Amino acid sequence: MAAFTEGGRSLASGAVCPAPRNDQERVQLGHGSGGKMSARLLEERFLPRFGNRHLSPLGDGAVVPVSGEEIVISTDSFVVSPLEFPGGNIGHLAVHGTVNDLAMMGADPTYLSAGFILEEGLSFEVLDRILDAMTEAADAAGVAVVTGDTKVVDRGKADGMFINTTGVGMLHAGFRPNPQGVCPGDAVVVSGPIGRHGMAIMAVREGFAFDAEIRSDSANLAPVVAALRRDLGGAVHCLRDATRGGLASALNEIASASGVGMELEDGRVPVPEPVAGACEMLGLDPLYVANEGVLVAMVAAEVAQKAVDILRNHPVAAEAAVIGTVVESHPGMVVLLTGVGGTRVVDTLPGDQLPRIC
Amino acid sequence: MKYLTEYRDPKLARTLVRRIQAVATRRWTLMEVCGGQTHTIVRQGINEVLSDVVEMIHGPGCPVCVTPLEQIDRALHLAGREDVIFTSFGDMLRVPGSECDLFQVRARGGDVRIVYSPLDAVELARRNPDREVVFFAVGFETTAPANAMAVWRARELGVDNFSVLVSHVTVPPAMTAILDAPDNRVQGFLAAGHVCTIMGWTEYEPLASRYRVPIVVTGFEPLDILEGIWMTVRQLEEGRHEVENQYVRSVRREGNTPAQELVEGVFQVVDRGWRGIGVIPSSGLGLRPEFAAQDAEKKFALDGIRAAEPAACLAGDVLRGRIKPFECPAFGRQCTPERPLGAPMVSTEGACAAYHNFGRFRQEAAAGGD
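Taken in sequence, the protein lines are chains F and E.
Using the numbering used here, count along the first sequence one by one with no gaps and you end on 393.
Using the numbering used here, count along the second sequence one by one with no gaps and you end on 670.
So that you can see chain F by itself, here it is in the shape it has in the complex (with noise of 0.2 Å):
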């Protein structure tokens, strides 16, 4: 190889790079990001220490027993930048986000405890519009907001407001969706149109104006799961919410938990005209955008259309679609068949995805 390498000198020898080799040393932002990067810190530094039967299987929740009973409990912590943002707030999410949780166990959402670390400066004006947020969104999920806690930081220390809920929820007999139930066979469902709110705040932060606005998908999916489990009852083997890392991300922890592979049909994932025009702009797939309204099903095939008519009838699932299969071959992957006739594998990111140069 050319001059360039052979004339070079080591970098050691030269300038410091001002990082250190060991990429493990420090927390990055991609360890947040749902990708490979956040399962890599789960595994190596959490799970070692905190793992047991009921973390270990790393769903959207914990099922444990009380007292001959059952419950589930999942938590989730809110640090959205901005506060505000078309189609919700911060107070929706963190009410939503762990709800819908919950809903993926297949619980029935009921108690809420709410953590807020409040940032010295933030005005009771926006304080206000937030908790009245939660409140409604608390409200028409049928949970109460049973405990809580509210800490102050110095100015600069939070993005305004951060929010950490969990949630207590109430199992029911012969349903309990989870990855171990997923077969060769099954559809996999979406229950939504996918990316609005990943780009709904890309949109507010960098300032950009596309020509549609687009809002954040922010809802409570617990209805629409006490739909499905009405209806199709043990047909519903696994649900989970497109949240961070989209609907890819979500759809390769199914496949790697149940030992699956997947099959996705380009074209039938549903994207919002906006949603895939912002994201063509910028680079970005909208399979990797997040969502905070979205979940994914895989429910045995016979009841695929059925599902599908159910989720229809909410308006939270208004464009619902079976968007692929699972099958035997390629395990823990998820490939999608492109409108050439064309193969791809739709793999989980190191960490966040990036606006692309070219």
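Hints listed in this document are in silico derivations from the structure and should not be mistaken for laboratory results.
It should be emphasised that the depicted structure is a prediction, and the values quoted were computed from it without experimental measurement.
Backbone N, C-alpha and C define an ideal beta-carbon position, used for all residues, glycine too.
Watch out, some of these pointers could steer you wrong.
Said to hold, decoys possible - Stretches of chain E that chain F covers, calculated by requiring three or more beta carbons in the stretch to come under 8 Å of a beta carbon on chain F:
id, segment
1, 311–320
2, 345–354
3, 387–395
4, 408–416
Starting from the structure of chain F, add chain E where the hints point.
Relative to chain F, chain E alone:
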């Protein structure tokens, strides 16, 4: 958004695939020059669909992939300085330097920001007069006009805390280097539509006739690529070697002359190192001497920063189509998408990362009895 659906129509795409298969009497080896085209080819599985009649070699047209290690190390050095806000297009952040990447510098406190336009970086400099703002000006002729505009604008506005770390490269010298290589296998090129939107295609005419190689200026949508392949294969079958334009909705023969003038006013042709390939004479753009004040290399005296590429990484051979990614001894072992040695393993469309994913899929499918 009409373009998104119109140029992705699956029925038309399959018709074009059949047309290519019908016209080809043998298997041809083509190179798509631009990373954006590689992106479409890999995402749509076009190489797979056409594998019986066409071998696609992913060319050196991905700016992330060809930016030399030395410039990455210089970027890392600048990003680590307390007085600097380092700005870059997003996908440069994960490109490995000798010892780390920009994300890691950021985790250690470096102020590294993703921008979508170099003009945003100028604005950032204007709002932060007490900091130095550096923009990482990489890319081909396509990004050069906007970067030239940023440099020019910063000088006009008297924003003297703005500078650019330049690593611009140009397409025709790289194509010449590929064609001059004794072991060259490329028989036809899809030239990069967006580069030609700026530069036109007159530069390619002498290449086509001297090397007797068809060159088709091609767009980026699936139908564009398929039509470009069809036009190239048809030329090869008919024994022609001309420059043709598939991307008629965007490209004229003379290109965008005001943009060319802007680029020429700010940049001059220089020798440039390409990651994995080495120095190609007259293959890059550097700032003209009158813009020395906006040149980060001079402003921060970066000459002393030199770098040697990891010997195990054969990215250069991959970029030139000499070897397939899986023929590199480091492939999938020392070098994976999570811990890349070379840039083609960084982005999902990089030739190595694409093969890494796809090869894994094929193996698993075979093991699953598919």
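Evaluation of the provided hints:
{"no.": "1", "hint": "311–320", "result": "holds (count 3)"}
{"no.": "2", "hint": "345–354", "result": "holds (count 5)"}
{"no.": "3", "hint": "387–395", "result": "holds (count 6)"}
{"no.": "4", "hint": "408–416", "result": "holds (count 4)"}
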